[in-house]
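From first to last, the protein sequence lines stand for chains A and B. Each step along the first sequence adds one to the number in this note's numbering, with nothing skipped, and position 143 is 143. Every number in this note's numbering is 1000 more than the matching position in the second sequence, counting from 1.
Simulated from the structure, these hints should not be mistaken for lab results. What you are looking at is a predicted structure, and each value in this text was computed from that prediction instead of being measured. Treat the hints with care, since some could be wrong.
As the list claims (entries may be wrong) - Computed spacing ranges between beta-carbons, pair by pair: (1) A/Ala331 - B/Lys1397: 49 to 57 Å; (2) B/Glu1328 - A/Ile319: 48 to 56 Å; (3) A/Ala196 - B/Arg1337: 54 to 62 Å; (4) B/Ala1187 - A/Leu144: 51 to 59 Å; (5) A/Ala331 - B/Asp1176: 35 to 43 Å; (6) B/Asp1074 - A/Arg205: 32 to 40 Å; (7) A/Val115 - B/Ala1091: 34 to 42 Å; (8) A/Ile326 - B/Pro1149: 33 to 41 Å; (9) B/Ser1411 - A/Ala103: 53 to 61 Å.
What the hints assert, rightly or not - Examples of chain B residues lying across from chain A (beta carbon under 8 Å, computed): (10) Ala1091; (11) Thr1106; (12) Phe1108; (13) Pro1109; (14) Asp1110; (15) Glu1115; (16) Gln1122; (17) Leu1129; (18) Ile1130; (19) Lys1376; (20) Leu1378.
By construction, the Cβ of each residue, glycine as well, lies at the ideal position given by its N, Cα and C atoms.
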Amino acid sequence: MSSTIDHREPDTTAVRAGGGALGSVLRLRELPVLIALALLVLITYLNNPLFLSPQGVKDLLLNATIIMILAAGQTLLIITRNIDLSVGSMLGLVAFGTGSIFAAMPDLPIFAVLVVGMAFGALLGSINGLLVTVAKVPALVITLGTLYVFRGLNNAWAGGKQYFAGDRPEAFGALSVDTVLGFPIITLLAIAVVVAVAVYMAGTRPGRDLYAIGSDPDAATVFGIKVSKRVFLAFLANGALAGLAGVLYASRFNSVGATTGTGMELDVVAAAVVGGVAIFGGSGTVAGAALGALLLTTITSSLTALRVDKFWQQAIVGILILTAIIIDRLASLRTAKKLRISEARNV
Amino acid sequence: MQQTPNAHAVPGSGERPQETVLSLTHAAKTFGPVVALADGTIEIQAGEIHALVGENGAGKSTLVKILAGLHHPDSGDFRLSGEPVHFRNVAESKAAGISVIYQEPTLFPDLTVAENIFIGRQPKGRSRLISRSEMRRQAAELFRRLGVPIDPSRVAEGLSIADQQIIEIAKAISLDAKVLVMDEPTAALSGVEVDRLFAVARALRDKGTGILFISHRFDEVFDLCDRITVMRDGRYIATHRTADVTVERIVREMVGRDIATLFPKAEAEIGHTVLKVEGLSSAGVFRDISFEVRAGEIVALAGLVGAGRTEVARAVFGIDPYDSGRIEVEGKPLKARDPQAAIAAGLGFVPEDRRKQGLVMNLSVARNVTLTLREKFLTAGLINGAKERRAAQEWSKRLQVKAGSQEHAVSTLSGGNQQKVVLAKWLATDPRLLIIDEPTRGIDVGTKSEVHRLISDLAVRGIAILMISSELPEVLGMADRVLVMREGRITAHLDRAAADPESVMHAATSSTGVTE
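Pulled out of the complex, with its shape left as it was, chain B reads as follows (with noise of 0.2 Å):
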C-alpha cells in the first residue's frame, strides 16, 4: 500500500476552521420487531475522510441507507450544514448534494458512460433537445480532471466495477456533491485500482468535500482516513482521530461484548481425520489452502465477505473445478467436480442463501426434506408418499422444525425453521461432514441458539463440521477451531483458546504476514 506523507494531517485542523457539513444524532430504526438502528451518530466535517467501521450487522448499511434517502429514520436528528433535513427520497437526499457509492456500483448497462452521468440532467443545446456533443465533452472533462481514460460514448455494460465506481464519482463530482458516501468501496478491486480510488478520495477531500469512507481493511482505513468512528450492535461506540488510536482499541470497540455465554457448545469427543485437504488453489480465487476436519469437530472458516471461504467450500463440494491440490475423506482421494460424488462419500453442504440454494420455496417441508435421498422411498419406481412423510416427520421432530404440517410449503416458514429444514435435508442422508455457510444469517436472535445448539448436537453425534461464518461472536463461541482467510489465503490457525475477537480479525483485516 502506498503510503502519502501527509496523509494523516486532518485539514482545518490548523488553517482552515472546521464546518460541519452532515450530522446525524440518536437515529433510530426498526423493521417491524427487529432493530436495525438503536442509535446511529456520525458527523462529518468538510475536507475530512471519516472512517465508519463495525462488523457485520452493526448498522452500518442501515445508516447509509438514511443519508442517501433510501430509510426514513423513526427518530433522530438529521441536519445538512446545520439545517434540519427530512428527506422524503433519494432525488430529495442528492439534491441537497449528498452522493452515495455502493459496493456494487447500479449503472444502466444499456446507457452510455456520459449517460449514465447526467441521467435525468443531460446538457441541452440550442433546439432544446439534449447535445450529446456537449454531454460527451462534460464528461470528458470530468475522467480529465480523475485522471481516467475512459470513453464516455460506450456503454456501461462491461466496464469493470473500479471503471464504475470512478463514473459514481464522476457524478457526485458534477453534481457538487458536499458529502460523498462510499460503502466498501475496495471489496472488488485491485492493489492498483485502490490506489487510485484513493488518489481521487484524497483530491475531493483536498477541495473540501466531507467523504464518509466504509471499510473492513484497517490497513486503508487508517492510511486513508482522518477520524474513524466504530458501532457495534446498531449503535454508535466511539468517534477517534486516526493519529490519537491504534488497530487493537478500534477492534475492541467493534467487539467489545461477553461472547462465551451466548452458544452452549457441548464438549464432543473428537475422532479420526473426515476430510483433509491439502494445498488447495484455484487461479484468483484461493491459493494454497490447507486443513483437516475430524469427526466431532467444530471447524470455523473465519474472515471477511469475499474473503475467498464460500469459494473453497464450494471446491471441496464439487460444485467449483480448482487447479491443483488434493481432498480426502476417509483417506479415499475425492473426485473433482462432481457433487453427486461428494454426496456419495458422506459429504452435505448448506449453502448460505437457502431460498436460492438450499430449499425449493414451493415444495412441502415433507418433501424438501426428503429431497436428496428419494431412492430411498421408491415403490415400484415411484416415490411412496407414506414412506417419504414417515422419514420426513422423523427427522423434523428431532430437529424441532416448528411447521403446521409437513405439507405446507417451505415459504410459509421463518428463516430459522428453514434452515432447520436444510439440516433435516442432509442429516437425512447420514453424512460424515456437513459444510454449513452462513448458518445464522437472516435468523432472529432467539432461533440462532436454535441453530446453534443442533450443530453442537451434530457434532456430539461425531458429525465432522466445517463452518463459514462471518459473526465473531458465532464463530468464538461454536468452533473447536478457527481457520482464518483473507483474501484467497489462510492467515491464521487459531485453537479455541487461542482464538479471541482481536486474534481472528486481526488475521482477517491486516495484511501484516501476508505479502501482497
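If we strip away everything but chain A, and leave its shape as in the complex, we get (with noise of 0.2 Å):
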C-alpha cells in the first residue's frame, strides 16, 4: 500500500510546489544572503588577490567565530518571536570571568573552563528566560534592562583591572591560533554548535515547536504546547552559547576587562535578519544566521581591502541590513496578496 502512494504523491506536490527540488532551492530565505557573500568574496578578490590567501580566509573565519555562535543562539529566541539584547553583556561577564579563572588557577583544564563559562552563562540566560516568561513583559524590555544590569556587574566586577592573553595559558590562546584543514579551532566549535542547532531546530519536536510559538503564540497555547517552558529554555541555551562565545573570545582577543563585547549584540540580530530570520519569528533558519554573521563581518573585511573609507563602512551594513528586511518585507506582501485572492474566491 505504501508503493502506491509512494509513486502518487511526488507527482501530485511538485506540480502543485511549482517547479520540485529546483524550486525548492530557489525559495530559499538564506540564498540571496549566499549570493551576495559569494558576489562580495570575489570582487574583493578580483581587486585585491590576497584576500583569500590561506592567511586572508582564516581571520575572515576568525572574526566571524564568535559572531556565528552568538547569532546561533540568537535564532533560537527570535524564532519564538523572542530577542536577548543581553547577550553582548553575558559575554563581556564570561569572557572577564574566564580571565580571572585563569589568573587565579592556571592550571585548569581548558574544558573544565569551558564548562563553568558555559554554565555561567546558561544562569544568566536563566535569568532572562524567567523574567521574560514568569513577568510576561516583553523579551525586548527585559533583557534591554539586563544589558545594562549585567555591563553594571562587569564594571563592578572588573573596575579598571584587565587581564591580557599572556596571563593565560599558551594551550588557550593556541585554539583560536593552530588549524585543522585549514579551520581555526574555534571556527570547527562554531561549525559544531551551528550545525546542532539546525539539527535541533529541523529535526525534533521541541525544535519545531518553537516555529510554532513564533508563528502564532496564541494558537500555540491553543495546541497545547508548552510555550513558557520553551521561551524558557530557549534563553537558556542563548545564554550558555553566550558563555562559550565568552569563553573563546577570551582565546581570541589579547584583552578582557569591563567593556567587553560592548554593543555586540546589534552585530548578533542584524547578523540575524540579514540571514533571513523574520524578526516576528516563525521563519528562518540558524544556517542562514551564521551565513549572515559571516556576510556582516566579511563584508568589513573586503571594504578595507578595497580600501572603502571608514566612515562609509558602517553606512555600507546599514544598507544591507535595510535591503535584507525590504526583501523579507516584499515576500511577506506578495504572500498577503496570494491570501487575499484565494480569500476573494470564496466570496
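Relying on the hints, combine the two individually framed chains into one complex.
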C-alpha cells in the first residue's frame, strides 16, 4: 500500500509546489545572503588577490566565529518572537570571568573552563528567561534592562582591571591560532554549534515547537504546546552559547575587561536578520543566521581590503540590513496578496 | 443544497447499538458576576451528527470551550465513554479524543501543511529525527482519504478558510478523534465548499465519530444532523431527533421569552425621509440594498453575523466603497467613499467595536466626547480646554455617563458607559441620522436598558436611527421597522406589528424565497 502512495505523491506535490527541487532551492530564504557573500568575496578577490590567501581566509573565519555562535543562540529566540539584547553583556561577564579563573588557577583544564563559562552563561540566560516567561513582559524590554544590569556587574567586578593573553595558558590561546584543514579550532567549534542547533531546530519536536510558537503564540497555546517552558529553555540555551562565546573571546582576543562585548548585541541581531530570520518569528534558519554573521564580518574586511573609507563602512552595513528587511517585507506582501486572492474566491 | 436521500437516517437506530461517547450534564461556568453557562447539557453518540443551536449569547461557545479544555466548568458532570473526565488544558482534551474546529481555524502560517497536522507528534525516521518525507506521505494519505487536493509541502499562509478547516479535520482524523466539534464551520464557506465539508462529515460519522455541529443555518442543520439540541440564555432547553421536529418549533425554543417588557420604547413622531438608499451593491459583499429611514424612526437591520449588515452601514457612511446604487440624505445625493462628507451631511456612526474604532481609550472622557468637533473650540488656532470641558460636561450629563471625572481615561469606564461616551461624541455633532452597530454588545444587562432608553430618547428628539443588532429581543423591542438581511441581501421588510421572533429568524436563516 505504501508503495502505491509513494508513486502517486511526488507527481501531485511537485506540480503544485511549482518546480520541485529547483523550486525549493530558489525559494530558500538564505539564497540571497549566499549570493551576496559569493559576489562580495569574488569582487574583493579580483581587486586584491591576497584576500583569499590562507591567512586571509583564516582571518575571515576567525572574525565571524564569535558572532556566529551568538547568532545561533539568538536565532533560537527570534524564531519564537523573542529577542535577547543582553548577549554582549553576558559575553563580557563570562570573558572577564575566564580571565579571572586562569589568573587564579592557571592549571585548570581548558575543558573545565569551557564548562564553567557555559554554565555561567546559562545562569545569566535563565534570569532573562524567567523574567520573560513569569513576568510576561516583552523580551525586548527585559533584556534591555539586563543588558545594563549585567554590564554594571561587569564594571563593578572588573573595575579598571584587565586580563591579557599573557595571563592565560598558551594552549588556550592556541585554540584561535591552530588550524585543522585550514579551519581555526574555535571556528570548527562554532560550526559544530551551528550544526547542532540546526539539527535541533529542524529535526526535533521541541525544535519545531519553537517555530510554531513564533508563528502564532496564541495558536500554540490553544494547541497545548508548552510555550513558557520552550521559551525559557531557549533563553537558557542562548545564555550558554553566549557563555561559550565569552570563553572563546578570551582565547581569541588579547585583553578582557569591563567593556568587553559592548554593542555586540546589535551585530548579532543584524546577522540573524540579514540571514533571513524573520524578526517577528516563525521562519528562518540558524544556517542563515550563521551566513549572515559571515557576510557582515566579511563585508567589513572586504571594504577595508578595497580601501573604502572607514566612515562609509557602517553606512554600507546599514544598507545591507535594510535591503534584507525590504526583501523580506516584499516576500510577505506577495504572500498576503495571494491570501487575498484566495479569500476573494470564497465570497 | 444537495440532499442526500438517507441523510436523516440515524445510524445506530437499527443495527448498531447506541453508544454515548460524550456527555456533559448541568455544567455551569461564571466569569465574575457574569453567568456564561447556567446549565450546559449535551450528549453525543458515536456515529451521529448532533446540532447545537441557540441565539448569540446562548452559551454555545462557552460549552465548546469546556469540551475543548479551554474553560473549566464550576460544576457539572463531564464524561467520555462513561468515564468522568476533568481536563486541565487543551492537550488533555485532545489526548482524550476531542478535536475542536473553530470558525476561524488557528493554523501556524509559517509552517507547512503537513507540519500543521503533525505538530508535536511528527513521525520520526531511523535517525530519531523528524522524517519530513514520512510526514508528507502521511499527510498526503489523509488528503487522499478526504478526497481533497491540498499540497502537504506548502506553507499554511494564504490557504482559504475552507482548506484550513479541511486541514483541521485531517488533524482530527490523524488523532483518531472520537468526538469532532465544529463551531460554525460553514460561516465563511461557499456552497461547493459546504458540500465538500458535509461529505467529509458524513463519511466520518459513518465510521463512528460523534460530531457536534454548531450552526445558525437551519437548512444545513436539518440537512446534515441526526439530532438537535437547543440552548437559550445559557441553559439547555431540549434535544430532538431531526426527523421529529420542525424549524418553527426550534425557533420558538431558541427565542422563547417575553420580549415586549424588556425595552420600553417611547412613541416618537415619524417625520420626513432622512436617509434613502437605492439599489446599493458591492460585489461579493451585498447586493441590491434599498431602504429608507425617516426622522424619529428606529430601523433595525437584523440578521446573522456575516450577513453583510455592517458592510452596508460602512458603505453608507463612506468608509467602504460600493459598486452601484444611490444614497440620498434629506433629498441630496451623498458622496461615496467620503466619511467627512457623511458627517457634514449629518450622519453619525457608532461602530460595533468601540474599543478599537469608536474611542481613543487612553484619552480622557472630555477629549473623546469632543473629538468630532474640535474646530468649534478653537481659540487662536489652539483647542480651548475650558470650552472643550464645558461641552463635554453638558453632553455627559445629558447622557448620564457615570465617570469619576471628565479627565479620567475612557478605558477606566464600564462597557455601558463607554458606549454612552461614543453616543455623546456623535450627539455633540447634532446628527440627523445615527447608525449604531450592535449598541449593547458586551454591555451588562442592567446598563443595556439604559442604552436602549437613550436610543429611544434620541428618536423622540427627531433623530433617524439605523440600528444593527444580532439580538432578537433588542430588534423586536426597539425597532419601528425591521429589515432582515441574509447573505448580502435584504430578505424581509417587517413592520413592528409583523415582526416576531419566528418571522425574523426565518428570514435570517432560511434560504426559501431567495434564489441561490
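Hints, one by one, checked against the model:
no.: 1; hint: A/Ala331 - B/Lys1397: 49 to 57 Å; verdict: holds (55 Å)
no.: 2; hint: B/Glu1328 - A/Ile319: 48 to 56 Å; verdict: holds (55 Å)
no.: 3; hint: A/Ala196 - B/Arg1337: 54 to 62 Å; verdict: holds (57 Å)
no.: 4; hint: B/Ala1187 - A/Leu144: 51 to 59 Å; verdict: violated (43 Å)
no.: 5; hint: A/Ala331 - B/Asp1176: 35 to 43 Å; verdict: holds (37 Å)
no.: 6; hint: B/Asp1074 - A/Arg205: 32 to 40 Å; verdict: holds (35 Å)
no.: 7; hint: A/Val115 - B/Ala1091: 34 to 42 Å; verdict: holds (35 Å)
no.: 8; hint: A/Ile326 - B/Pro1149: 33 to 41 Å; verdict: holds (35 Å)
no.: 9; hint: B/Ser1411 - A/Ala103: 53 to 61 Å; verdict: holds (56 Å)
no.: 10; hint: Ala1091; verdict: holds (3 Å)
no.: 11; hint: Thr1106; verdict: holds (4 Å)
no.: 12; hint: Phe1108; verdict: holds (4 Å)
no.: 13; hint: Pro1109; verdict: holds (6 Å)
no.: 14; hint: Asp1110; verdict: holds (4 Å)
no.: 15; hint: Glu1115; verdict: holds (7 Å)
no.: 16; hint: Gln1122; verdict: holds (6 Å)
no.: 17; hint: Leu1129; verdict: holds (3 Å)
no.: 18; hint: Ile1130; verdict: holds (5 Å)
no.: 19; hint: Lys1376; verdict: violated (40 Å)
no.: 20; hint: Leu1378; verdict: violated (39 Å)
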